[in-house]
Each structure stands twice: as C-alpha cells, then as structure tokens.
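Colleague: Chains as they are written, first to last, in the working numbering: chain H, 1 to 175; chain Z, 1 to 845.
Calculated from the structure, these hints are not laboratory results. Treat the hints with care, as some may be off.
Listed next, the stretches of chain H that the computed footprint assigns to chain Z, with coverage defined by at least 3 CB atoms under 8 Å from CB atoms of chain Z [claimed, not checked]:
id, region
1, 70-83
2, 108-114
3, 160-169
A partial selection of chain Z residues facing chain H, derived with a Cβ cut-off under 7 Å [what the hints assert, rightly or not]:
id, residue
4, W6
5, L10
6, Y27
7, R42
8, L54
9, G292
10, Q296
11, D300
12, L303
13, D306
14, P307
A short list of chain Z residues far from chain H (calculated; beta carbon distances all over 12 Å) [as the list claims (entries may be wrong)]:
id, residue
15, E52
16, R95
17, P338
18, S443
Cβ atoms here follow ideal geometry from the backbone N, Cα and C, with glycine treated the same way.
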Amino acid sequence: MHVNLRPEGEGSEAILGELYAELRRRAERFMHGQPRDHTLQATALVHEACLKIFGPERFDGADRGHLLALAATAMRSVMVDHARTRGRIKRLPPGERVPMDDLQVAYEDRAIDLLALDQALERLASFDPSMSRAVELHFFAGLSLADTADALGLPLRTLERRWAATRAWLRKEIG
Amino acid sequence: MRPEQWEEVLRHFEAASALEPSEREAYLARACPDAEIAAEVRRLLSAPSSVEFLEPPALDAPVHERDLGDFTLLEEIGRGGMGVVYRALQRPLKRIVAVKLLPATFALTARQIERFTREARAAAKLTHPNLVTVLTVGEDRGVHYFAMEFIDGKNLAEELARLRADLGAEDDQRAHLPSSRASDYFRSVAETVSQAADGLAFAHSHGVVHRDVKPSNLLLDPSGRVKLVDFGLARDEELGSLSRTGDVAGTPHYMSPEQARSQRERVDHRTDVYSLGVVLFELLTLQRPFEGQTVQEVLDNVLRRDPPRIRRLNPRVPRDLETICQKAMSRDRGDRYPDAGALRDDLQRFLSHEAITARAPGVVQQLGRRVRRYGKAILAGGLLLAGVGLGGAWAARAAERSEQRQRIATLHELEGEGDWSRLDDEVLVAARRTLTGLEREASPANAELRAGLGRRFEGLREEWFQEASRSIEEGRRAAPSDLLEGADDARILEGVLLMLRGRRVFPEEPRFERATRVDAFQARISIRAQDEQGDALSGSASFRLLDPVTGQPGGTIELGPLPVEGRSLAPGFYRFEVRSPGHRPREFTRLLARARVLPDILCTLRAPDPREGMVRIPGGRLFQPGERGYPLCPFTHEPVEVEAFWIDRAEVSFSQYRGFLAATGRPAPPEWVDLPADLSIEERPVVGVSWLDALAYAEWSGKRLVAHAEWELAARGPEGALFPFEEGDPLRGTVRGPARVSSGSAEDLRRCLEHTTDVLAPAEALGRNGLYHMFGNVWEWTESLGFDRDEAGTASSMPGVRVMLGGDYSAAERGHDLKVHRLWGPSAQYSNLEHGFRCARSDRD
C-alpha cells in the first residue's frame, strides 16, 4: 500500500500555489452565478485548472496522476481555507452570502464538517498516507475510484478494499 | 495508530464486514486476539453507513439563461451517465423535445467529441417505432448536445420501482410476486421485451450497438409502446472514464460479461441481447440477477456466478420464458440468441403459444459453466476431466426403454435436424447408441438411414475437433506482447469445452482424449543455438525455476541436448541456460504462462570472454527488515540467499545501445525523436527504453537483466544500508534536477539529458562494489516481477509488471524516494524518459 510511485518533491510547492489560486478563482466565478449551460463537477473544476496551469500536452502525459494529486491537494486547501474563514465571519447580514458558500454547503453535504475532515486526514496521513491522498483525489477532486487508483498507481481492488474501512474511520473521527 | 496496527484493522474490518452483523462478534473473538485492534474494528463497524459520505458533490449551476442553439431548456427531467436531460422548447418549430447535454468540453478530448458526434449522427439516422428518434446533434458555446423526441411517460425503471412497492405492500410477498392475473402480466412482459428487441434488431441491422440497455433507457409512451433511448451513446468505450466519474456513474447490473471484463473488442450486438435478457429477468422476478455492495462486486458476480434460477424466485414464471431468458443471458456470446431478432421471434412464439427455439442448458453446458467458473483451478489441477460423464446413465436407460420403432423415428427426425452442435449431448449420445444397435442388426431396411447418420456423425466429429483445435491454438498464441502475459483463457476454454463434448459423444476417438489431458495445456518452448557464423551448435539446455516473488533461482534441471523442440513445461518463472563446449553459456529469463507458446529462443554463442566492464558480487544473504527496506518488498519479511553474480559497473550508454540498434535493426525508442545535437550524449545512460528493449539488448550482448535482489545486494550490501555510499551524500555524482513533470516532449528530453552524467563519471558517483550510479542518474529496469502484499502479509508476484530501481536525477531533492522501487506495468512495453538499465550475468561459466 505504500507504493507511492509518484515523485512529489518540494519543487511542487510553487505549482501548488498556482493551482490553489486558479481553483479558487474558478470556484468563485462559478459560484457567482455566471451563466453556465451545464452542471459543473469538482472533477471538471480540477481538470480545467490543471489544463490551464500545465497545458494539455503535459497534462495528458505520463505524470497525469501526479498532477491530479497536486490539484486535489490544492482543492482540499481551497475548501478547507474557505470553511475556516467562514467560521470566523459568523455574522453576515441575513440573506447575504459569500460566493463560495454554496460550494462549501455542497461539500459539507457529503462530509459533515470540512475542518474536522481536514484534521482527520492529517491523522490518517500519519499511518496511511496513500488513503489520505485517495480521499483528496476522490472527494475533493471528484475523481472516480478507478481514476484515483490510477493516479495513485494502485490496483483498483486494493483501493476499494481499503476505501470502506477508511471511510468508516473518517466517519467516526468526524463524529 | 501505527501503520502495522492499521493494516490489522483493515484486514479484520474487511473480513468482519463481509459477515452478517450477528456473526461479527464471534469472528473478532476468534480471529483477532489483540483487544485494542478488535475495539477499533468494532468502532469502525459501528460507523453510520451513508452512501453519500465522502462522495464528491455535484455542483449545480444556477438555472437561467438556458438557451442552447435553437432550444430553450425548460426543466431538468433526468440524469444519466453522460449528462443531464432537459425538457426543452425547439423555438422555430414550437415543439417540445428532450435535450441531452454532454459535460463541458474541457473534460473531453477532441477524439471523444468526434466520436460522440459521429455516433449521435448514426443514431439520428435510425427511425423505428421502438426507438426514440434523435432529431439533431449540435454544439453551442462549447456544450455538445443532442435533441430527441420527448416521450411523456415513465421509464421501465420507474415502472419496476412501482411494481416492487406494490409488492412490498402485500403480506405474503412470495405468493404475490407478479401475481394477480399472473399470466397477463407475463404476457405483457414478453410483449414489452419483444418490442425492445425489435428496436434493437433494427439498430443492429444498421450497425449501431446500444451498449447500455437497462430499464431506465426503456421508455413507455402513453400508449404503452416501448422506446429505447440513448442509442450508441450511453456507454461509449472512449467516453467510459467520463461516465465513471462522480456519482452519476452508470449501473453495472446490466453489463454483459464481456463488458464487465472490459473486452471492448468483444462487445457487439450480442451484448445488447444479454442486457435485454437481464431486463427480462428483472421484469419476471422483480430482482436483478447480480447484486453487490460495490460496482466491482457486481461485476465480479456477473463474471463468476450463474444467475439464480428464475422459477425458484418466482414459480409462476412460465418455463418457456425462463428458458428464453437463460438463453439471452448466456455468459458465452455464442450461446446467446445470435441477434435481437431471434430473441424477439422466440418471445413472439411464446405469445402465440408456439414452441420456442431456445433449449434449457444441457449437462455439458452446465458443466461448461462450472468449468468457466473454476476454470483456472481446474486447468491447473486436472479436475476438468473428472466431471465428464454426467448424464450418461440417464441416456442409456432412456435408450433401452425406447421401442425400436420409436428409435428409428427419432433417428429420422434427428437426420432432419440442421445444426447438430446445438443438440444436447444426451441426445447425440443416445442416438449413437441406437445407431450402433441398428448396425449390429444390419437390416437392409435401414441401410440408408445408417449410412446417412454415420456420415453426419463423422462430419460432426471432424468439425468439432477442427474447431476446438483452432480455438485452443489461437488462445495459446494470443498474448498482448511477445514475452509477457499469458494466453487467452476464454478462447482456450472454448476449445477445451468442445473437446470435452467430443470426448463424451465420441469416446472411442483418442484425439479428444489427448487434447483434454492436463499436460496439453502446459507452456511450450523451443531452444536452438548457433555459432557466430550461423552454424547450428550442439550442446545442452537446462533451466532453473525463479521464485516469482524474490526472483531467486532454485536448482538446475536439465532439458537435454540442443536443439530443444517444443518442450512442455509447467507454468512458471524460468531462467534457461544454454551451453555448448568451448562457448560461453547464455541465460534467458522467461515467464511461462499456462498454455503459452513462447517465441523460440535462437541464441548465438560466443567464445568465453573476460567479462569486461563487469564486477563480481560474491553473493550473500539479503535481509532488509524495517526501516531499511520497503514495506512491500520481498526481502523485508524473510531473508533471501543471493548467489554470486556479475553486474555491469555502469548503466548501458547511448553509444552501446546504438551499436545494438545498428546490429539488429531494432527501431529506436519513440522518445528519441528530438535528441539535442549540441549535447554530447554518447556516454550518457540510454533513456526511453522499454523493458522489452532492455531485455533484448541484454540478451543480444550475451547477458541478462539484473534481478531485484541482486541489485539490492550490489547497491546496499548484505546489511542493507540505505545508500550505496558508506557515508555522506547519498546522491553524490548526480546532477540534481527539478521534480519531474514529464510529457515526452523535446523539452523534457533535453532536460533529462542535461541532468544525466556519463555512465562512468564522475568519480564521486562511484559507490559500493565499484559500481557507478546505482542511485540517481536514471531508473534501472530489472528482470524481476512486480509484487504486492495482501492484508495477511502474503506476498504475491504481479506478472506483466516489472520492478525498476535506483531513482533518477530528480530523486535528488527527495532523499526518501531513494528507498522506493517502481513497478511499471501492466505493459512492459511502456517506456519513458529517465528509464535505463544495466546488465548482469550469473557466475556460472
């Protein structure tokens, strides 16, 4: 399970920053109710951002999994940061919403409490970094489990076996 | 929690959750002695189960400004794997239509879009009362869509839900399974499915396959007519990954075995016949034939299990409908109705009380199913042959009981039958017995009948034998690449099953018997040797079996004198050795899969040489427990004895590899398109080579690839030090580079080459045992198979995946990565920048 085939060095920091900004910008624009003709999913958001930052050639290359992993981490930060900020500004005039709120609601619909999830993922990473990464890829970046397994370089069966227990563990941790 | 505790938790959690809740406590008490772990497992088992937890949310855009081409979107009416469907107004014609939007273009490649529009156009040409007409295909501001006729009615999935709900309200569910006026219900089911089959038959005759027949794609218009929707679009293979993203993934319950196995090339119109069979099954029983907790589980069940018997679930179902459904859902495409039209015709025969053509599966077909289910174990263990002969007693008794006249009448009838292969084996066996009886009597009255039947049987025997031999041979030679994976099991089994039928019907024919012996399915190999002038050499060949996990050889077993022709060998991981007096022996490592016919080994032997550029490693015990090793690695759990061997001091260079290309005419790696002319790369490590390239070079140069354990021993020493240097910088001599974001472009190639150094320089790159660049520079292929470790800690090999070691220049920034091996696969034809290799030889000259 600890077969992390993907390089993941400090060189990634700058890219991570760029991804973060790009994702945040897109998410905000999206949630601002700019007319769009279709349903947007997290996976689309992430793919769009990756294409913008890395360009189609690089993104379709051999390191696609690695790039997606970076983007998933960035997406997690975007959402968690927003949840954190939002926690601080509790009192908005009634009816007024920050654009990203809807996004947060959509995520918390599925994960109860993003801040608690974030902390639980930190703890999970200490003994099972791959599964922590898997949650980022599947939940935050919206990749299917099959694509998540691809990105992690794991057999799908291995991932699925561990997914059930990981989910249960996180569910308990979030309380 | 510590990682190893977590592994335990995972293991017990998986086992316990597979049990009924009432049995879990007993399991934990029995299997999990560690109270702390057991408590944790209990805690996880008590977690609230919510389907949506940690499923990625779908984020809906606000609904307004919904004009798309000629259409104004009015309201969402459905969602499918491929997008959202709206009720819409076609403004110029002022008519209501349905419009389906594809996900936005950024998620699609140009090729996928091209495919989508091509298929949508093909579907738009189909006009049939049982197909929803596609009106137009279009694109507006990057959104691809198609419009189709709007059906104001329910789909079959909704109808099924209603039926189930009604059923749930009944007291005695079993007694009331589609009950009141049951026969009317079954007739309407037959009519519904027959209409759908008619629509499919029409589409198939125009070369369009649906690929995703399921209740929600079968619409019922207000008059009760069935209309198939989403033709050829819903589960496009190319778009497959798309429909798998997020929570709108399609349902796996109606997928055919060939789809479940992702055998694209086998998905044809008979896939639709199968899926429609599943729909029929569900309408008859209100249950789906295969269920599971996860998609994978459902697919596993589709592949491994037989559907439950329909009449056991609902005894009211007419036997003929059961038989029709079984035939449509045959796991083998060849056993299904040949096309949707034949399915429709049989349903119509049922409706008009005529005899249907489908037959309940015979004994051999059922045996065949068991064989398929347990195929691997059976082929390996020889149980296959034990099951033959079922039903013989019955046939004999039946034959004895029948009167002479009846027998002859039956034989006459039989003679009139078209395709004998479709008859049950019992019928054929009984017919042969009767025929033998007749021949004994030698009555002139029956001479013509006897001769005619005799010829038919002879023809059948030859036809079966030829067809079965062909399947087996094709299956044995089918392999995705020339040295890696095994044979086509399904094709082989097809042949074996036919051979078994042959054995049963023609017990006196030895060819059927021979072909079904277990050793007929061993791998085969031929080895010849020649000298440098191309003259055949005498000598001998032997082999040693390699442990597939550790890659280490066992004892030597002689194969005998050269040439070795078509020797049968049990499946396994082999290292062959070819020897001839006065010549240097050579080695060939090969993975022999069951029933595989390997390409012949033709080797050129040369005079003994001083092993220039190689270093002798004395061998020893390799053990890397705990931190020093990798969690999954074969050597971290048990020590491995490694024999003495020779290893190249340096990675193979560009100039060496070019020499090989020039001598053999092998094409250069595809990554070499834009080799920078201004860099002096001849002494740099060769990059961009696939595993097969590396193997070919190694064997051409009279060596072999390094085994995983050998590499470890050479790089780290028997004590398993972390690094190839006693102290100091672990990556001395490597030109550090940025973390790799490689796409195979000229730019990446240049960066890669700028960060490699000559294979025999600089001096700092010289590490343990006098070897250069064991870490850094480029990754190195080994001959060893990939491996995995299951929850119980048992290691297993991963055929088709090869281990790569040593890291590349970009590992410089990541000290921790130095411990990590790579497993590349599933195809060892995979190549990339930064992949090189070095060679080895056993110390056995």
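Colleague: Does each hint hold? Answer for all of them.
Modeller: Verification of the hints:
{"no.": "1", "hint": "70-83", "in the structure": "violated (count 0)"}
{"no.": "2", "hint": "108-114", "in the structure": "holds (count 4)"}
{"no.": "3", "hint": "160-169", "in the structure": "holds (count 8)"}
{"no.": "4", "hint": "W6", "in the structure": "holds (5 Å)"}
{"no.": "5", "hint": "L10", "in the structure": "holds (5 Å)"}
{"no.": "6", "hint": "Y27", "in the structure": "violated (15 Å)"}
{"no.": "7", "hint": "R42", "in the structure": "violated (11 Å)"}
{"no.": "8", "hint": "L54", "in the structure": "holds (5 Å)"}
{"no.": "9", "hint": "G292", "in the structure": "violated (11 Å)"}
{"no.": "10", "hint": "Q296", "in the structure": "holds (6 Å)"}
{"no.": "11", "hint": "D300", "in the structure": "violated (10 Å)"}
{"no.": "12", "hint": "L303", "in the structure": "violated (13 Å)"}
{"no.": "13", "hint": "D306", "in the structure": "violated (23 Å)"}
{"no.": "14", "hint": "P307", "in the structure": "violated (23 Å)"}
{"no.": "15", "hint": "E52", "in the structure": "violated (5 Å)"}
{"no.": "16", "hint": "R95", "in the structure": "holds (21 Å)"}
{"no.": "17", "hint": "P338", "in the structure": "holds (33 Å)"}
{"no.": "18", "hint": "S443", "in the structure": "holds (65 Å)"}
Violated hints, in rising order: 1, 6, 7, 9, 11, 12, 13, 14 and 15; the structure is consistent with all others.
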